Amino acid sequence: MNDYSEKGLLPAGLADMLPPAAVREARINRTLMDVFAGNGYLQVKPPLIEFEEHLLEGSGAALASKMFRVMDPVSHRMMGIRTDITLQIARVATTRMKQDPRPLRLSYAGQVLRVYGSQLRPERQFAQAGVELIGPSETSADAELILLAAEALGALEVENFSIDLTLPTLVPTLCGELGVDEETAASAREALDHKDAAALDDYDATLSQILTALLKAAGPANSALEALEKIDLPEAAAGQVAALKKVVAQLQQAAPDLKLTIDPGEYRGFEYQTGLSFTVFGRGVRGELGRGGRYRLMDGESASGFTLFLDSLMRAVPRRPADDRLYLPFGTGLDQGYALRQDGWKTVAGLAPEDNIEAEARRLNCGQFLGPDGITKLS
Amino acid sequence: MPSSEELVIALPKGRILKEVMPLIRAAGIEPEAAFDDPASRLLQFRTNHPNISIIRVRSFDVATFVAFGAAQLGVAGNDVLLEFDYPEIYAPVDLDIGHCHIAIAQPKELEEDRDPSRWSHIRIATKYPNLTHKFFAEAGIQAECIKLSGAMELAPGLGLCRRIVDLVSTGATLEANGLVEVEKILDITSRLVVNRAALKTRSVELNGWIEKFREVVNAT
Chain A
652 MNDYSEKGLL PAGLADMLPP AAVREARINR TLMDVFAGNG YLQVKPPLIE
702 FEEHLLEGSG AALASKMFRV MDPVSHRMMG IRTDITLQIA RVATTRMKQD
752 PRPLRLSYAG QVLRVYGSQL RPERQFAQAG VELIGPSETS ADAELILLAA
802 EALGALEVEN FSIDLTLPTL VPTLCGELGV DEETAASARE ALDHKDAAAL
852 DDYDATLSQI LTALLKAAGP ANSALEALEK IDLPEAAAGQ VAALKKVVAQ
902 LQQAAPDLKL TIDPGEYRGF EYQTGLSFTV FGRGVRGELG RGGRYRLMDG
952 ESASGFTLFL DSLMRAVPRR PADDRLYLPF GTGLDQGYAL RQDGWKTVAG
1002 LAPEDNIEAE ARRLNCGQFL GPDGITKLS
Chain B
33 MPSSEELVIA LPKGRILKEV MPLIRAAGIE PEAAFDDPAS RLLQFRTNHP
83 NISIIRVRSF DVATFVAFGA AQLGVAGNDV LLEFDYPEIY APVDLDIGHC
133 HIAIAQPKEL EEDRDPSRWS HIRIATKYPN LTHKFFAEAG IQAECIKLSG
183 AMELAPGLGL CRRIVDLVST GATLEANGLV EVEKILDITS RLVVNRAALK
233 TRSVELNGWI EKFREVVNAT
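Order-wise, the sequence lines are chains A and B. Sequential numbering of the first sequence, starting at 652, is according to the numbering used here. Sequential numbering of the second sequence, starting at 33, is according to the numbering used here.
Since the hints were derived computationally from the structure, they do not count as laboratory data. Among these hints, one or two may not hold up.
With a Cα cut of at most 30 angstroms, we get these calculated DSBU-like pairs of lysine-lysine [as the list claims (entries may be wrong)]:
(1) 867(A) - 50(B)
(2) 867(A) - 244(B)
(3) 1028(A) - 997(A)
(4) 179(B) - 717(A)
Selected chain A positions facing chain B (Cβ under 7 angstroms, derived; list incomplete) [said to hold, decoys possible]:
(5) 813
(6) 870
(7) 919
(8) 947
Bear in mind that the values here come from a model prediction, so they are computed numbers and not experimental data. For each residue, glycine too, the CB sits at the ideal point set by N, CA and C.
Kindly generate the complete structure, drawing on both the sequences and the hints.
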């Protein structure tokens, strides 16, 4: 115990990321951005902080209570620190990049900050990386995004992930068509979201029957679609199911091995979505790896995108402890070190002559050292 | 349901366990002998399915284990589910057991003050601070909750507070401690609960179990 220990204490939900975790996060980030760029998505980088009203529009309202706010001493206006990057991309697309040709493909990566975390994610600061596809309203755009998410996870070697498709607008549409009042519709939506079977029986017979059928329909894509088609849905709701079926068909044709599930009742966190949405789960990984869906920009333009959460991904990406640190004793030539780095070694140079090179290499966490006989591995 | 991956079922200790076990057994899950041995110190029990194990924890902890994915399936009352309101828990089957309700109770002597709609600020001892706070907030009443883990009925008599919010099944405990029920807050039954991520990533297997429990409940 010394006077410095207390300085290590950080506010709740904030943490220093040390090696090797910080390296892993950076590597995951790079892989994701490479995949996005490879698919024609152009990276943009909005600021960390901006006027609060821009961050509170549309889906931002849902995170209003989680936003840190500061007064801008220059303009005397309130500024908010971003809780999510999607909104900023939407702002860029409707303002500065309004004239750019559609479909507009944008990608981003960065840190977000929240006043408090959730039960499952107590972190107040974490990294996001994602894409937005702005302009097209065709189902092929939804399919492109889901396949892109799958490609990104594949590049990260995440095994056993699955994508859960949902229609956040289905229950509201259905309730509207059945003439159910708004309050009842909201409670029905919530009960279905919780999959609270007992509460679903509390509504009038037609609605209860449909809600229970929707609850039971959740599952692997093919059986879920089959179950959904058996439900006697009003016209507009049935239309949404038909569109979902079309996307599933496109996905299955393009990626037969992709694990797809459908849950027509999922709603939480999709309050502002206006069409097909999805959540990415990793088998055995707590919480969500990412989520996305269709929404409308401020000016009514159609858009769709997804965000991956890097803290969740860190739990899902297989750990490959790198053993590539090579100790170079004092006096190793600059050229030699350069050549070794070109071969992929991470070189750690000695700053003073050492009697026992092997012990020094071990002390500095190197898996090998450059000895008189060349590269020698530590046992 | 063929799967080699570990499946953990969290069951609540105590009163509910006796009512749950017939359902678990009817669904074809038989725990090892130590499960019924009161002398056993084991906390996790193997079953007749090589990949399924059962853990026995406090009823509140069932929700926590399932929410964090430490257990994939569990049995919890909707009192616990509402108290925590974990977004990561689904309750797809009402098991129709463990019937009771949550109610406000107060000493008999407080007879003249029985109408909750006239209260403005009250102090309440309860196991359910969130649920209680929410209930009173909706009625426009400022409730100051004192969190206790058990024996709430003692609180009014000893002057800790005047009212309690607690589970009532027969009302005998209330009566024995000189309390009367003033208002019912919520009916309680036990639910089969499932971890959200597990249901999404192992949907065939877990939907199979959910369906099985539904059949068992409908058959009784």
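### Message
Which constraints among the numbered hints does this structure fail? Numbers only, ascending.
### Response
8
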